[in-house]
Amino acid sequence: MKVYQVPYEQLKINIEDFTDIFGGDGETLNHELQEVLSIGEEIIDAQGIIRIFDDIQIEKSHIVVSDILFECGRKIALQLKSAEKGALFVCTVGEGVSLKYKEYMQQNEYLKAYFADTLGSIAVEKAMDIIQRQLSESMESENMKITNRYSPGYCGWLVKEQSKLFSLLPKNPCGIRLSESSLMIPSKSISGIIGIGKNVRFSQYECQLCELEQCIYRKSRKSHVATVHI
Numbered sequence: 004m005k006v007y008q009v010p011y012e013q014l015k016i017n018i019e020d021f022t023d024i025f026g027g028d029g030e031t032l033n034h035e036l037q038e039v040l041s042i043g044e045e046i047i048d049a050q051g052i053i054r055i056f057d058d059i060q061i062e063k064s065h066i067v068v069s070d071i072l073f074e075c076g077r078k079i080a081l082q083l084k085s086a087e088k089g090a091l092f093v094c095t096v097g098e099g100v101s102l103k104y105k106e107y108m109q110q111n112e113y114l115k116a117y118f119a120d121t122l123g124s125i126a127v128e129k130a131m132d133i134i135q136r137q138l139s140e141s142m143e144s145e146n147m148k149i150t151n152r153y154s155p156g157y158c159g160w161l162v163k164e165q166s167k168l169f170s171l172l173p174k175n176p177c178g179i180r181l182s183e184s185s186l187m188i189p190s191k192s193i194s195g196i197i198g199i200g201k202n203v204r205f206s207q208y209e210c211q212l213c214e215l216e217q218c219i220y221r222k223s224r225k226s227h228v229a230t231v232h233i
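Under the numbering used here, the residues of the sequence shown are numbered 4 to 233, in order.
Simulated from the structure, these hints should not be mistaken for laboratory data.
By construction, the Cβ of each residue, glycine as well, lies at the ideal position given by its N, Cα and C atoms.
Check before you lean on any hint, since a few could be wrong.
Cross-link-like lysine to any residue pairs, in silico, SDA-like; alpha carbons within 20 Å at most [as the list claims (entries may be wrong)]:
(1) 88 to 52
(2) 163 to 185
(3) 84 to 5
(4) 78 to 207
(5) 88 to 129
(6) 88 to 148
(7) 88 to 105
(8) 84 to 57
(9) 88 to 151
(10) 201 to 137
(11) 163 to 77
(12) 129 to 57
(13) 129 to 144
(14) 148 to 87
(15) 201 to 142
(16) 174 to 81
(17) 5 to 57
Cβ-Cβ distance ranges computed for the label pairs, FRET-style [stated by the list, open to error]:
(18) 114 to 144: 42 to 48 Å
(19) 63 to 12: 41 to 47 Å
(20) 188 to 137: 37 to 43 Å
(21) 71 to 113: 25 to 31 Å
(22) 206 to 140: 24 to 30 Å
(23) 109 to 57: 45 to 51 Å
(24) 37 to 71: 27 to 33 Å
(25) 110 to 62: 47 to 53 Å
(26) 201 to 70: 19 to 25 Å
(27) 110 to 18: 21 to 27 Å
Could you put the whole structure together from the sequences, leaning on the hints where they help?
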């Protein structure tokens, strides 16, 4: 198992990350967004864990990791079909984003709250991108490749399966705990699996593969409208 710390400056978050989601130009978003970005280092604490399992089986609509069956569905099982190993992961940016969001809401600073929420979503994905690249580089030394990452809550994989995933990791990994409904706390956290093998393929995400309507990136492509959820 490996623990990762990702310094804020490595995330390289800028206004373009937001305009990609919301549309428009940087000038439209500039004032409130710049203020939120200026405190990014204070409220983002990016870290993650990866644990690699050799005992993995891929079936048509489920996978088995260390004798635990994950009902991930056909779409994800297909993406992992050639995997020889499975890397379970969690990644979070901590509770600072949620606390700042609540503070802005109490001050009726709704746009700043919105941007703080979106900053957390962008930061956790970028942090996991970095961790994933490091995993890929380490696997290259073993002549192995990796798939993209897949998470409960996407592609028909039910969120409740997160409890199974967490059972194979240390208690409260990176300070993340699960609610009774298997949602992660802090909310700006992600978990899932990455396939590893000599013949796996890294496939870019496609919206027709993932049907999650709340995805901020899906909305940026459709209507430039996003919903705050924290």
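Each hint tested on the structure:
no.	hint	verdict
1	88 to 52	holds, 16 Å
2	163 to 185	holds, 5 Å
3	84 to 5	violated, 24 Å
4	78 to 207	holds, 14 Å
5	88 to 129	violated, 24 Å
6	88 to 148	holds, 10 Å
7	88 to 105	violated, 40 Å
8	84 to 57	holds, 14 Å
9	88 to 151	holds, 13 Å
10	201 to 137	holds, 17 Å
11	163 to 77	holds, 17 Å
12	129 to 57	violated, 27 Å
13	129 to 144	violated, 24 Å
14	148 to 87	holds, 10 Å
15	201 to 142	holds, 10 Å
16	174 to 81	violated, 30 Å
17	5 to 57	holds, 15 Å
18	114 to 144: 42 to 48 Å	holds, 46 Å
19	63 to 12: 41 to 47 Å	holds, 44 Å
20	188 to 137: 37 to 43 Å	violated, 26 Å
21	71 to 113: 25 to 31 Å	violated, 42 Å
22	206 to 140: 24 to 30 Å	violated, 19 Å
23	109 to 57: 45 to 51 Å	holds, 49 Å
24	37 to 71: 27 to 33 Å	violated, 46 Å
25	110 to 62: 47 to 53 Å	holds, 51 Å
26	201 to 70: 19 to 25 Å	holds, 24 Å
27	110 to 18: 21 to 27 Å	holds, 23 Å
Comparing the model with each earlier hint shows violations of hints 3, 5, 7, 12, 13, 16, 20, 21, 22, 24; every other hint is respected.
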